[in-house]
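Enquirer: Here is what each chain is made of, one letter per residue.
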Amino acid sequence: MNFLAAIGRTFLSFLAQTGRLTVFTFSALVNCVRPPIYWYLIGQQMLRIGYFSLPVVGLTAFFTGGALALQIYVGGNRFGAEAVVPNIVVLGITRELGPVIAGLMVAGRVAAAIAAEIGTMRVTEQIDALTTLSTNPIRYLVVPRLIAAVVTMPVLVLIADAIGVFGGYVVATESLGFNGAIYIKNTLDFVTRGDVTSGVIKVAVFGFIIALMGCYNGFHSKGGAQGVGAATTNAVVTSSILILAANYFLTSILFSR
Amino acid sequence: MTAAMDDIPKVELRGVKKRFGSKIVLDGLDLSIPRGESLVVIGGSGTGKSVMIKCVLGILRPEAGEIFVDGNEVTHLSGSRRDAVLRKFGMLFQGAALFDSLPVWENVAFGLIQGRGMPRSKAKDIAVEKLAKVGLGPEVAELWPSELSGGMQKRVGLARAIAAEPEIIFFDEPTTGLDPIMADVINDLIVSTVKDLGVTTLSITHDIASARKISSRIAMLYKGKIIWQGPTADIDRSGNPFLDQFIHGRAEGPIKMEVRG
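Protein chains in written order, with numbering that gives the first Met the number 0: chain A, 0 to 256; chain B, 0 to 260.
Fair warning: there could be bad hints in the mix.
[As the list claims (entries may be wrong)] Counterexamples of contact, computed for chain B against chain A with all Cβ distances above 10 Å:
| hint | residue |
| --- | --- |
| 1 | 29 |
| 2 | 110 |
| 3 | 115 |
| 4 | 124 |
| 5 | 166 |
| 6 | 175 |
[As the list claims (entries may be wrong)] Simulated pairs of lysine to any residue, SDA-like, Cα-Cα distance not exceeding 20 Å:
| hint | chain 1 | residue 1 | chain 2 | residue 2 |
| --- | --- | --- | --- | --- |
| 7 | A | 221 | B | 222 |
| 8 | A | 221 | B | 23 |
| 9 | B | 222 | B | 18 |
Just so you know, the hints here were simulated from the structure itself, not pulled from any lab data. Note that CB positions come from ideal geometry on N, CA and C, so glycine has one too.
Make the full structure from the sequences, and use the hints.
Expert: Dropping the structure here:
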């Protein structure tokens, strides 16, 4: 009986959690279009979420592009198609790896930071203080982060795409014997606008997931330092899982177009 | 007109119930704060003092009961109507709850700038003036909350609570975590600000010395209900064994400490 009760409890808490998240998401979205909009805070968050993530995302994109070039060269070599390296690198980076790498890196960096910051505000009653000062905490804390993440992630991924392709270019020209001019020509001839936009759409959704999970977990943290730690971990884990799941579904939708 | 207004309590709770899961925190709480009085609610840790305050402010929603402010029911208000009620309140939080992303003056001026749309330069002047009221010089205005000691943070919290000239101020454990001298400084500040502003106050504390100093009335909360209330002068001859045990801090008595919160 205890076993069944345990299953029931887990299931009920899952439902409660889903319900809370749904209400939270809805309330955040409604407040996105309701004044006052805190432009200054949106700018501040754009800097923190987008600009300060550039080094991390740029570095990972560079190495991913380089590794991708090597792998495709090895694979293509098996049926005499080494020449596809520039084509597959640009396709792989823009459609898949650029958005996913940027999403996961920013999830680790930003979702954790948001959850820790808002979680600390929760346990030190700063969120209650906002309410008593006639300021809606969702509008003041959540909306700027959501908007900033959704707006800056596409810009970030465009830069990551360029750096990733550049990483492939460096490896291909330096160690695989490709001609630089031909590599660039092949890349530009091959890539379509759809490749890039599909990645941009995906990463905008990832940005939403990152900010939402960071804020949600921070908002619902409790019990002091340990609670904030748990909220931070949950924010990174849930946003990473949701990013990868959303990536599959978005790809299958965008792919069929 | 004024006589009728004076009869209406500033804040009134009727039969308020609140539970978290299976734990009943407020069990039909009745309490009224007459206009201009300084009521202190005492009670042990975890007896629901903070929950009571958060229910009045609308941060928590009670399951049952009604809450009135100036005779108007506010239990289920939200959005702009809740904001309108909250403008009457100032609150000093236990840990001061200063926003650590903002300098001291912006903390004090926060309600004026964000809540009421006052221009920043004007709000800053008012912030400096309120800081002076709690004994802090203008140089403190530019510091960050993390640079202040606990007592200084409490003062800034008090300046923030009075910045928008509220009619009611709530004090949540105003002296907790302070040394006895700083605690008394805060007590004096509370007494003098309350006198200056002529506000109604509700404080919660388990510091009896502080309660005696800052209250005109005292109520004791035990097991989710008010078990005694009366003028501060009467607490030493209440004949209530629960109150006697609490104010004298005895381990022996009718109140048993619960280990689990």
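Enquirer: At 10 Å, judged by beta carbons, does residue 175 (chain B) keep clear of chain A as stated?
Expert: 13 Å, holds
Enquirer: Residue 110 (chain B): least C-beta distance to chain A exceeds 10 Å?
Expert: Violated, because the least Cβ-Cβ distance between residue 110 (chain B) and chain A comes to about 4 Å, which does not exceed 10 Å.
Enquirer: Holds or violated: residue 221 (chain A) and residue 222 (chain B), Cα atoms, limit 20 Å.
Expert: At roughly 23 Å apart (the allowed maximum being 20 Å), residue 222 (chain B) and residue 221 (chain A) break the hint.
Enquirer: Holds or violated: residue 222 (chain B) and residue 18 (chain B), Cα atoms, limit 20 Å.
Expert: 12 Å, holds
Enquirer: Does the claim that residue 115 (chain B) lies off the interface hold, with its Cβ farther than 10 Å from every Cβ of chain A?
Expert: Violated: least Cβ distance 8 Å, not greater than 10 Å.
Enquirer: Does the alpha-carbon distance linking residue 221 (chain A) and residue 23 (chain B) stay inside the 20 Å limit?
Expert: This hinted pair holds, its Cα atoms lying about 19 Å apart.
Enquirer: Could you check that no beta carbon of chain A comes within 10 Å of the beta carbon of residue 166 (chain B)?
Expert: 14 Å, holds
Enquirer: Check the non-interface label on residue 124 (chain B): least C-beta distance to chain A beyond 10 Å or not.
Expert: 18 Å, holds
Enquirer: Taking the shortest Cβ-to-Cβ distance between residue 29 (chain B) and chain A, state whether it exceeds 10 Å.
Expert: 24 Å, holds
In this structure, the hints that do not hold are numbers 2, 3, 7, in rising order.
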